[in-house]
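The residues making up each chain are set out below.
Protein chains: 2
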Amino acid sequence: MRKKLKLGLFGFGCVGQGLYHVLHETHGGVKAEISKICVKTKNKERPIPADFFTYSKDEILDNPEIDVVVELIDDAKAAFEIVKTALEKGKAVVTANKKMLAEHLEEIYQLQQKYNKPVIYEGAVCGSIPILRNLEEYYDNDLINSIEGIFNGSTNYILTKVFEEKKSYTDALKTAQELGFAESDPSLDVEGYDPKFKLVIAIAHTFGIFVKPEQVINIGIDRISDLDLKFARENGYFIKLIARAFKANGKVYGFVAPQFVETTNPLASVRNEYNAVQVQGAFAEKQLFIGKGAGSYPTGSAVLSDISALSYDYCYEYKKLHQEGGVEFSNNVVVEAYVSFDQDTDTISIQDFENFQSGYAASGKQYMVGQVKLEKLQAWSKQKGVGIILAPNSQFISQDAVQENAYELRTA
Amino acid sequence: MRKKLKLGLFGFGCVGQGLYHVLHETHGGVKAEISKICVKTKNKERPIPADFFTYSKDEILDNPEIDVVVELIDDAKAAFEIVKTALEKGKAVVTANKKMLAEHLEEIYQLQQKYNKPVIYEGAVCGSIPILRNLEEYYDNDLINSIEGIFNGSTNYILTKVFEEKKSYTDALKTAQELGFAESDPSLDVEGYDPKFKLVIAIAHTFGIFVKPEQVINIGIDRISDLDLKFARENGYFIKLIARAFKANGKVYGFVAPQFVETTNPLASVRNEYNAVQVQGAFAEKQLFIGKGAGSYPTGSAVLSDISALSYDYCYEYKKLHQEGGVEFSNNVVVEAYVSFDQDTDTISIQDFENFQSGYAASGKQYMVGQVKLEKLQAWSKQKGVGIILAPNSQFISQDAVQENAYELRTA
Chain A
404 MRKKLKLGLF GFGCVGQGLY HVLHETHGGV KAEISKICVK TKNKERPIPA DFFTYSKDEI
464 LDNPEIDVVV ELIDDAKAAF EIVKTALEKG KAVVTANKKM LAEHLEEIYQ LQQKYNKPVI
524 YEGAVCGSIP ILRNLEEYYD NDLINSIEGI FNGSTNYILT KVFEEKKSYT DALKTAQELG
584 FAESDPSLDV EGYDPKFKLV IAIAHTFGIF VKPEQVINIG IDRISDLDLK FARENGYFIK
644 LIARAFKANG KVYGFVAPQF VETTNPLASV RNEYNAVQVQ GAFAEKQLFI GKGAGSYPTG
704 SAVLSDISAL SYDYCYEYKK LHQEGGVEFS NNVVVEAYVS FDQDTDTISI QDFENFQSGY
764 AASGKQYMVG QVKLEKLQAW SKQKGVGIIL APNSQFISQD AVQENAYELR TA
Chain B
404 MRKKLKLGLF GFGCVGQGLY HVLHETHGGV KAEISKICVK TKNKERPIPA DFFTYSKDEI
464 LDNPEIDVVV ELIDDAKAAF EIVKTALEKG KAVVTANKKM LAEHLEEIYQ LQQKYNKPVI
524 YEGAVCGSIP ILRNLEEYYD NDLINSIEGI FNGSTNYILT KVFEEKKSYT DALKTAQELG
584 FAESDPSLDV EGYDPKFKLV IAIAHTFGIF VKPEQVINIG IDRISDLDLK FARENGYFIK
644 LIARAFKANG KVYGFVAPQF VETTNPLASV RNEYNAVQVQ GAFAEKQLFI GKGAGSYPTG
704 SAVLSDISAL SYDYCYEYKK LHQEGGVEFS NNVVVEAYVS FDQDTDTISI QDFENFQSGY
764 AASGKQYMVG QVKLEKLQAW SKQKGVGIIL APNSQFISQD AVQENAYELR TA
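Chains as they are written, first to last, in my numbering: chain A, 404 to 815; chain B, 404 to 815.
The set of hints was computed from the structure by calculation and includes no laboratory data.
Some hints here could point you the wrong way.
Per label pair, the in silico range of CB-to-CB distance [as the list claims (entries may be wrong)]:
(1) L724/A with E509/B: 51 to 61 Å
(2) N638/A with H725/B: 48 to 58 Å
(3) S459/A with C718/B: 42 to 52 Å
Result set (EDC-like, lysine to aspartate or glutamate): computed pairs, CA atoms no more than 20 Å apart in a straight line [claimed, not checked]:
(4) K492/A with E462/A
(5) K722/A with D716/B
(6) K407/B with E720/A
Just so you know, even glycine gets a beta-carbon here, dropped at the ideal spot from N, CA and C.
The shape of chain A in the complex, shown without the other chains:
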């Protein structure tokens, strides 16, 4: 039956404080209490009694009475050390640190097997949306074709303001930062790293493979120019930063890139700091999950549900790891994209497109639309003055042979 858990917290920011409030001041159904909180900054005024706090991580990690470590710090490297030690010491872990998880997921999986203690991390992917739990528990068969959506609340907030309130990119970013929806260093968000980390985690639970963040191409929204916005508005499109992964020809593809979205696309109505995840299966058709993806409460609610799950000895089973049997990740895909650049750029030409559709040039700027290899887009995305946005309803054409054939070739 249900255990009363003793928690050791690392970090006491908004999420930690919200947790304290819910666990200690309301009589919630979650049977857990905070024993100790490890923080970095000494002599800071804090809203709860001082004897909750410690500055030594060992006071939590070496305390045999603490069942669960709740890791809520920013530093991915320190976080991984905490998780590792917690497992070694026989403690379960709840974390929402997507960077740490994306970089170490395979190792964290193996550590869980080794020490037979769970690490769960719903808060790491799309805030309050219970997508990992659904991938683990509900979509438990290999009939999922794709997972895609708006995985980053900050950029979605910025893009919403840019389109709905005709704000400039800079103003929208500033507002997002003031509201706490964007970090003071927004590069992880606007360059698409944050949604990529989440995508890497989601891929493991969707397709059963571990991918390294550096394998996955991320194109951000930071290079979107006024010309691009004008193009979008003239065509009645919004722009959303979309993370996606899908299976084709026995390979798994995944990338993060801005995309034009028609107003009739359900993702168009996902506004401000909301996130959305769409799961598509052969039989299940489209499922859309919408919930807040940025801010402390959405993450806090996911952390709370994870703690609650641990009181029933919940763990991820990573079932698809065993089902898929050697599916590989690939970037060998052609996508339909809009590419804008300065007219004097000599690295982008019609010949670069697999299938060129249209182009336009005026007043020193130029754009081209057509099918192009993802890896070429990635190279372009690093050039100054180049804007890249996927076409609405873009087709993604796998350039890999069907796996069965590929296998025959290898064994021939």
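Keeping the supplied structure of chain A fixed, place chain B upon it in accordance with the hints.
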């Protein structure tokens, strides 16, 4: 580890045929095979070999090799007998029969305890949306305040056509029937019984109480008149048939009624046969789940996920039954509603409203807007010529004393 399940099907309509296809013709991850299918009509041509079929239910129920009964028939009474016998014979059950479940849920819960075999039924509530699994597994703490949404695909299809294509109610209903989104006898849908059955099931998994369908008030869309549609259009509203349940003052309230919905409400963008469920918690804020709610595939995908879950011995734990401790259901609530009626109606007057806001009368028709008791609305809804639609952002004012006080009164 994962078992290969042997299934006995009852019924072989679209869902059954889809299941056969997925299990036998694709190599899906679901480890299950159909052993026998019990059908009613003899000598009907069927798309798979004749030796799959039987006309005797005992050939499935008495076969010790069959692990799981998949019940997919229409008849609620016969379905309950099948479920009961299957459990007695030590078989797990998957069903999507919402009427049967809503009418017998408490008994089915007890039978599961008695025979220690699971009955799972994700397909019964909102087609492909995995709402029960989320309520059971993820929202496992008592912080859910409300659950509401569009629980019926047929009426949502009809209402979408009425508003978007300015079709008459009758034409829209006809199209829905032709497309298979509405039954030949649509009364269960348009009078709000079907969403009520689903709500009754959802209430058990959300708030941990068993409610009988007859306790829950359902007001349908079948009495909506041209005047009502005109009022909606003039005010820029859609109409959606909303099922909802919420907790206030220690009581649980729940009902089904049409409601005006502003275009900015996320439910407004849930169109055609799609369903939506919104879960709101103190800490988790709003979560929206969208997916297809009518048609054979959405139900089939839920049935498939349930079968897959059984291969891991999944069962509903009904955890909230033990957490809530005696919360009661109540209809003692005041809602804000629009009521339209023929001008010669003498049963509805301003004095009936707790708080009258406005009214209008012309050419023999009249409407009034204000706060009114739910039970009064129910009585009116049965009168000919009366249309009832809840106000957008309607407040629901509990008329029950706070439970603690009520308890004191009882024990005094």
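Here is how each hint holds up against the structure:
no., hint, verdict
1, L724/A with E509/B: 51 to 61 Å, "39 Å, violated"
2, N638/A with H725/B: 48 to 58 Å, "55 Å, holds"
3, S459/A with C718/B: 42 to 52 Å, "44 Å, holds"
4, K492/A with E462/A, "12 Å, holds"
5, K722/A with D716/B, "14 Å, holds"
6, K407/B with E720/A, "18 Å, holds"
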